[in-house]
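Engineer: Protein chains in written order, with this note's numbering: chain A, 1457 to 1865; chain C, 1457 to 1865.
It cannot be assumed that every hint is accurate.
Where chains are identical, the list cannot tell them apart; a pair therefore holds if satisfied intra-copy or between any two copies.
[As the list claims (entries may be wrong)] Only pairs whose alpha carbons sit at most 25 angstroms apart, straight line, appear in this in silico SDA-like list of lysine to any residue:
1) K1478 - D1507
2) K1478 - M1524
3) K1489 - K1816
4) K1544 - G1514
5) K1544 - K1683
6) K1649 - T1505
7) K1649 - S1517
8) K1694 - N1479
9) K1544 - H1566
10) K1773 - G1609
11) K1578 - A1819
12) K1678 - V1792
13) K1489 - S1768
14) K1544 - A1564
15) K1692 - L1548
16) K1578 - K1785
17) K1578 - D1549
18) K1683 - N1761
It should be emphasised that the hints constitute simulated quantities derived from the structure, not laboratory data.
Number of protein chains: 2
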Amino acid sequence: MSRPIVVMKFGGSSVRDAERLKNAAARVVETQKEGNRVVVVVSAPGDMTDDLIERANGITSEPDGREMDMLLATGEQISIALLCMAIKTHGLDAISLTGPQAGIRADAVHTKARITSIRPTKLLAELNKGRVVVVAGFQGLNPNEDIVTLGRGGSDLTAVALAAALKSDVCEIFTDVLGVYTTDPRIVPEAQKIAQISYDEMLELAGSGAQVMQARSIEVAKKYGVKIHVRSSLEKKKGTLIENDNGNMEAPVVSGIAFDKNEAKLSIVEVPDQPGVAAAIFGALAENSINVDMIIQSSAQDGTNDISFTVSRPDLKRALTILEAVKNKLKAKAVVSDESVAKVSIVGVGMKSHPGVAAKMFATMAEAGINIEMISTSEIKVACVIREADGTKAVKLLHKVFGLGKSKR
Amino acid sequence: MSRPIVVMKFGGSSVRDAERLKNAAARVVETQKEGNRVVVVVSAPGDMTDDLIERANGITSEPDGREMDMLLATGEQISIALLCMAIKTHGLDAISLTGPQAGIRADAVHTKARITSIRPTKLLAELNKGRVVVVAGFQGLNPNEDIVTLGRGGSDLTAVALAAALKSDVCEIFTDVLGVYTTDPRIVPEAQKIAQISYDEMLELAGSGAQVMQARSIEVAKKYGVKIHVRSSLEKKKGTLIENDNGNMEAPVVSGIAFDKNEAKLSIVEVPDQPGVAAAIFGALAENSINVDMIIQSSAQDGTNDISFTVSRPDLKRALTILEAVKNKLKAKAVVSDESVAKVSIVGVGMKSHPGVAAKMFATMAEAGINIEMISTSEIKVACVIREADGTKAVKLLHKVFGLGKSKR
């Protein structure tokens, strides 16, 4: 009963076919044999979620949210059944649970529900029978007893939330890469795997375009102190530990560099300078669930302002429609959009104690002739919006300037 | 509240792609607009169940029953979601329910559970909101709160059981053919669609190899007096009504001819003639869930019997293994099997009042030089086991001799 609980999460590519499923099962069996109680969370196999969405699109361009959730939840259900079968071939007992069966309760918002609580009674009972419990990620039960899905990164969220509810020692996120890198190795071949990173740094990296984990899972992990181990499903090497900042004085100034080509820039030009302008603009966007990233307001000239900000590119079209209405209401001159931008960010807890990091970043860009269009900063991050065409060059330069390619950490 | 309830069931081929789903949705909308409350039961799309079984076989040759049910239940869940989306494009409200959500409770036997009860509280509530309710066939919830599937013909069973629980006016079974035929039209092109047939006749036809519906669904329909309408999902013609025998004096002597190539013959040779022999043989087979069809025991000679019977071909290998053990226990001489047999059956309530029907069948076979190896009869059926090679000839002859190709009924 007192064996530690480990939560292992396998993404879609790690369960996409029989071979990968067997590989995942072997990892699970190993972890159980090391003396742990094991909870496994899985995503839908490979491209299944995309296939299901395509089926829905063959029927209607506006599928109902409840029915979409009913449809999409099947993908993870297929994975849990197959993975259990694979685990059982090792002579180890295993049982699959859908999100609702695992006691995952969520709010009523279809296709992007939030977990409200977890009642792991059945899950714990099965664990304590010596069984591996395999839980469908990405799904829960809402107050109407309907199946809901948790939106992007939902399976990671399931894993982290279960780890929190079960007071698990570690939540292992298995993926195609070896861990979290100092930057995208496809851009900078010298990029290094990061051995340890704080929640806050990981949050900034995720928010700045690093694809490893969604920010929402890291937020939950931080809130409940869940230690995350991002590692390869194919190699047994240690990956990247995401945990509380241990206050390491030797921490590097910059931990990683993120690059995001998924943003678009919007400007409302010559908005009359009066109270409530920002509220009108960003209120209208928020009402339509459009997230805004950087915001810059020029100082007033001739009684008008220019307000610029970024949104994610898939939201651009909807944002433009909304802003046209806002523009007319505010009597602004025009709405201008630009999709040829990219965001480059440097992230690191070490920045707190090292002044001049931002200045070094700006100087590097200036020397290379890269124009900075927008800047935003936090205690542990500096992000710049530049021309998309300059992005790769900027990432390579910054990776070198901040010494990230030099040594394993 | 007092609008009649109609249960409509669409099989896998009727929901296999977007086009078929839209077609099914149109039929549903039409039925609702005629003033009915509509419950729809659907199977998994097209070959999905086979695909899922193949995925499981890629993992293990002996998949766990519970996990198999977890896996297979996803097929129907995909269909209900997509069909609801299609219905909603007509501006009609619809809601999908899994078998468990529809209140279908079953026993604990995985992959071939039996329905124990239906609690249609939620289903009725949704119907009375004016919604079409789309229910996943083939599945239910067992007393452990696990998903179970209902085995072969499970979706038909769901439809008939729901029709019984809801006291529905009619259970419409939509299929690829126009209805139930006097015999297989691929063998006899003159075969006619039957307009009306009794439960008992349909039971005998189903038990004798006619593929339209499984016997278990018809048994439930008979028990609860559910009127079944087997009809085409593509054409709007009336199909075949399966209902209580209306005592029609004009009923034809023979209603249909069934042909079954799925049987194998087994004989235990020279079994010592002593009490308990039959119990030993058929008890052992029943324990292993092997159904036995015809049984013939030769009269005792020299203190021994030969016992012959038929099983369905997929069960033959297992039956042989079991019988070898039984043979040794009983000190019988040998076990002999034969897969080259077929069963031809004539079925009709009219037989009750027309003596000599069986004799006419035997004479027809004799004239054609077809040897009859086994015979079994009921009040409304005569079945003969013959060489498989003679099967087609026998069906064609009997269809003609009993006048089934002549007129629409």
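Engineer: Up to 25 angstroms between alpha-carbons, please classify K1544 paired with A1564: within, between, both or neither.
Structural biologist: between (35 angstroms within a copy, 20 angstroms between copies)
Engineer: Tell me, please, which holds for K1692 and L1548 at an alpha-carbon limit of 25 angstroms: within, between, both or neither?
Structural biologist: within (21 angstroms within a copy, 54 angstroms between copies)
Engineer: I want to check one pair: K1578 and K1785. Are their C-alpha atoms no more than 25 angstroms apart within a copy, between two copies, both, or neither?
Structural biologist: neither (55 angstroms within a copy, 46 angstroms between copies)
Engineer: Have a look at K1683 and N1761 and pick one of within, between, both or neither, based on CA distance no larger than 25 angstroms.
Structural biologist: Cα proximity of K1683 and N1761: none, with 45 angstroms in one copy and 74 angstroms across.
Engineer: Can you give me the call for K1544 and K1683, within, between, both or neither, at a CA distance of at most 25 angstroms?
Structural biologist: neither (28 angstroms within a copy, 45 angstroms between copies)
Engineer: Indicate which option fits the pair K1649, S1517 if close means a Cα-Cα distance not exceeding 25 angstroms: within, between, both or neither.
Structural biologist: This pair counts as neither: shortest intra-copy Cα distance 42 angstroms, inter-copy 40 angstroms.
Engineer: Should K1578 paired with A1819 be assigned to within, between, both, or neither, using CA atoms and 25 angstroms as the limit?
Structural biologist: neither (58 angstroms within a copy, 66 angstroms between copies)
Engineer: Checking an output row: K1478 and D1507, CA cutoff 25 angstroms. Within, between, both or neither?
Structural biologist: both (23 angstroms within a copy, 18 angstroms between copies)
Engineer: Evaluate K1544 and H1566 at a C-alpha cut-off of 25 angstroms and name the case that applies: within, between, both or neither.
Structural biologist: between (34 angstroms within a copy, 17 angstroms between copies)
Engineer: Under a CA distance limit of 25 angstroms, which applies to K1678 and V1792: within one copy, between copies, both, or neither?
Structural biologist: neither (38 angstroms within a copy, 70 angstroms between copies)
Engineer: Please work out whether the CA atoms of K1649 and T1505 approach to 25 angstroms or closer within one copy, between two copies, in both situations, or in neither?
Structural biologist: neither (29 angstroms within a copy, 43 angstroms between copies)
Engineer: How would you label the pair K1489, K1816 (within, between, both, or neither) given a Cα cut-off of 25 angstroms?
Structural biologist: Neither: 50 angstroms inside a copy, 71 angstroms across copies.
Hints 3, 5, 6, 7, 11, 12, 13, 16 and 18 from the earlier list are contradicted by this structure; the remaining hints agree with it.
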